[in-house]
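Enquirer: Take a look at the letters that make up each chain.
There are 2 protein chains.
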Amino acid sequence: MSLSIKVADDGPGIGEVPGFRASGVHCDVRCTGNPRLDLALIFSEKPAVAAGVFTTNDVKAAPVRFDQRILDGGENFHAIVANSGNANACTGEQGMCDTEAMAAQAAQLLGVEAAQVFVCSTGRIGRALPMDKISNGINGAVKALAATKEQSLNAAWAILTSDTRPKAVTATFEVDGKAVTVSGIGKGAGMIEPNMATMLAFVATDALVSKKSLQAALSDANAESFNAITVDGDMSTNDTVLVLANGESGVNVEDAATGAGQAFRSALKAVCQKLAEKIVGDGERVTKFVTIKVEGAPDDAAAQRVARAVGNSLLVKTSWYGNDPNWGRVLDAAGYARVGLVEAKLDMHYDDIPVISAGTPLHDNLPQWKLAVAKKRFSITLNLNLGSGAFMLHSADLSEGYVDFNKSE
Amino acid sequence: MSLSIKVADDGPGIGEVPGFRASGVHCDVRCTGNPRLDLALIFSEKPAVAAGVFTTNDVKAAPVRFDQRILDGGENFHAIVANSGNANACTGEQGMCDTEAMAAQAAQLLGVEAAQVFVCSTGRIGRALPMDKISNGINGAVKALAATKEQSLNAAWAILTSDTRPKAVTATFEVDGKAVTVSGIGKGAGMIEPNMATMLAFVATDALVSKKSLQAALSDANAESFNAITVDGDMSTNDTVLVLANGESGVNVEDAATGAGQAFRSALKAVCQKLAEKIVGDGERVTKFVTIKVEGAPDDAAAQRVARAVGNSLLVKTSWYGNDPNWGRVLDAAGYARVGLVEAKLDMHYDDIPVISAGTPLHDNLPQWKLAVAKKRFSITLNLNLGSGAFMLHSADLSEGYVDFNKSE
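So the sequence lines, in the order shown, correspond to chains A and B. Last residue of the first sequence: 409 in my numbering, with the numbers rising by one and none dropped. Last residue of the second sequence: 818 in my numbering, with the numbers rising by one and none dropped.
Hints are computed from structural coordinates only; laboratory data are not their basis. Here the structure is a predicted model, which is why all the values come from computation and not from measurement. Mixed in with the good hints, there may be bad ones.
Claimed, not checked - Computed, partial: chain A to chain B, Cβ under 10 angstroms:
| # | residue |
| --- | --- |
| 1 | VAL59 |
| 2 | GLY92 |
| 3 | ASN312 |
| 4 | THR318 |
| 5 | ARG338 |
| 6 | LEU341 |
| 7 | GLU343 |
| 8 | PRO361 |
| 9 | LEU398 |
No residue lacks a Cβ here, since even glycine has one placed at the ideal position from N, Cα and C.
Next comes chain A alone, as it looks inside the complex (with noise of 0.2 angstroms):
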């Protein structure tokens, strides 16, 4: 039995899954007194069991080590509080001081637990979180708690920082005539690579799960989603992805051999591959999209390796800025990954165009690699012809936008 699932931008917002509410308000975290939202809210009723995945940077952020502590240690699990504008990172103890007093203050607004309250936060590096501002933030995200759309977009806003736009998808299929709600939020911008970047992303859903089993799920689906993008190579210390899962909808999904089971393993997958290719997307002064297949690789971490080096080259990424389709710096790149590659033997293409053949260059088509890399979106495909490892990354140009917008913050 295969179910259908339908993936849409404008399906029901995070606090619209049976069972959730959101919000997402303004307390000037930034202290510059622009209104943007810069505090958002999820919360379930019910003890919703809870996955996470975390940046696997030596430094953590205070949040990530409150968030890991808590996953590990409990069962289940209320709502997520998360800010924008300061990352409490690298605060030290007054750090972890203000991420508890966060989960405590929503906790007892909420009426639950602070061991049930994630905590996460996103922005600049080194400073202290200004308390008063946060604390009148809690209050007001707990008042304006809501399961309507409205709510569920102030939360997508309030969580972005160098973002240009909000990023929602939802999933959501039917199992005997019950529906089931995958939906998501994310930011990304900047430090967008390996084990995930300076990225956040919450996702809601109704479905019936053990912790478990949701854990193992979210692992699978972040390999091929936010582990797969890369914007500038640098890694954050706040990367997280958390799941909380409220049973409301009836529908067990415990088992991933069941059509159920598979059908929310695809929805879940499918919310966190959109929301990490809309993070791409809107990377920092970002003008192109870029995916690199890497096939016929050793094995698939090899052709992790060479994605990646391409990925993040920055010759590479320059010359799609330029439009300039200079596969010798994409070769010179996959190169310098070292899995083995031979010349000789590879194969490369723009789009279905072919560039490369067994090592060497069809510089006839060099009218139809232009017009491919041109395009805000293509593909490069790289097939190593040594064996059957397989990696598809997606990536984005460096433009002078993005160094002007970095050279300061």
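Using the hints provided, position chain B relative to the given structure of chain A.
Expert: Using the frame of chain A, we list chain B on its own:
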């Protein structure tokens, strides 16, 4: 016995080392009519021993493979012929034919064997060499060979691509009244990363040494010079360092334990280090020269991983460009090297100004941080306080000019 070594930018040129001659000519490799010099020749009248280090990229240009082959197979060498403007990389079998033809022509005109002539090419990847022009260039270069400063400088100019200035360094020392000269030229500019760079460096010396001992000395010098720099993290298909030693001085430097042997190794390392620093300082559209010193790492390899993570981070490099003392990005990059960094143990300095002490940022020093990173040259020291591993890397900022320069060729 410790011998005094003199290192100078304006010492004897590479063609003025006793027994050597050099030249640099224009032959229009780029086929643009631009009268810039683009073919260099270095010639030792006597047979010389040689040593080389080469790119470790899986994709090696034809001249790199040729040079590795003749270096492995021979004992005596006479010349290096090098063109800029075209890398002769990813050019298939034609590429190797062209390289062999360059060696054969130069050898015939010089009265030596083709297997005694190294060939180097640097420039755009994936285009066949214009062999008629190259052939004219080799004729002209052989005629122009001279033991003069002018032709030495011409050779230094002729190997440049996007560099803005020639790079030459000479070290001299005396042993029992006999002078020994070690003189080198180099080029870099882009693709400057691990295990060398889009770089070429040629060193001529009249020291008397065996091939084996010379190779060991070069490998040591290389580790702390050309392998300790980064501009954009890209490693090229053509990186090559070659040393020719013709013994003309009569000073035996074979044994590293003797005063002469020590002095020679110091002189060779000094020449390589000065050339490496000039390469970073003349990186594409670079405005800052930043030295990253990592200390107290678990071991030297871990220190190197941390230094490269920091030195290649786009977010760190753009902040340097913007004079922004964004230590948070430095710490973030150090963390994703994943060597087991413990935030609470870390000390960091800009030059000699404390930034982080035992994990705590010293915000009161902000005005001094700003002054330090606004300089054209400054250092960042990271002490992990975990062990005795250390590594020093020279890096550069990333400017809008770099993107503009590289967006198309």
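Enquirer: Now look at each hint and say whether the structure bears it out.
Expert: We went through each hint and held it up to the structure:
1. VAL59: Given a least distance of 3 angstroms, the restraint on VAL59 (chain A) holds.
2. GLY92: holds, 5 angstroms
3. ASN312: Cβ of ASN312 (chain A) sits 8 angstroms from chain B, so the hint holds.
4. THR318: This interface hint holds because 4 angstroms falls under the 10 angstroms limit.
5. ARG338: holds, 6 angstroms
6. LEU341: OK, holds: LEU341 (chain A) within 10 angstroms of chain B, min 4 angstroms.
7. GLU343: The hint holds - GLU343 (chain A) has a Cβ within 10 angstroms of chain B, the shortest such distance being about 5 angstroms.
8. PRO361: holds, 5 angstroms
9. LEU398: OK, holds: LEU398 (chain A) within 10 angstroms of chain B, min 6 angstroms.
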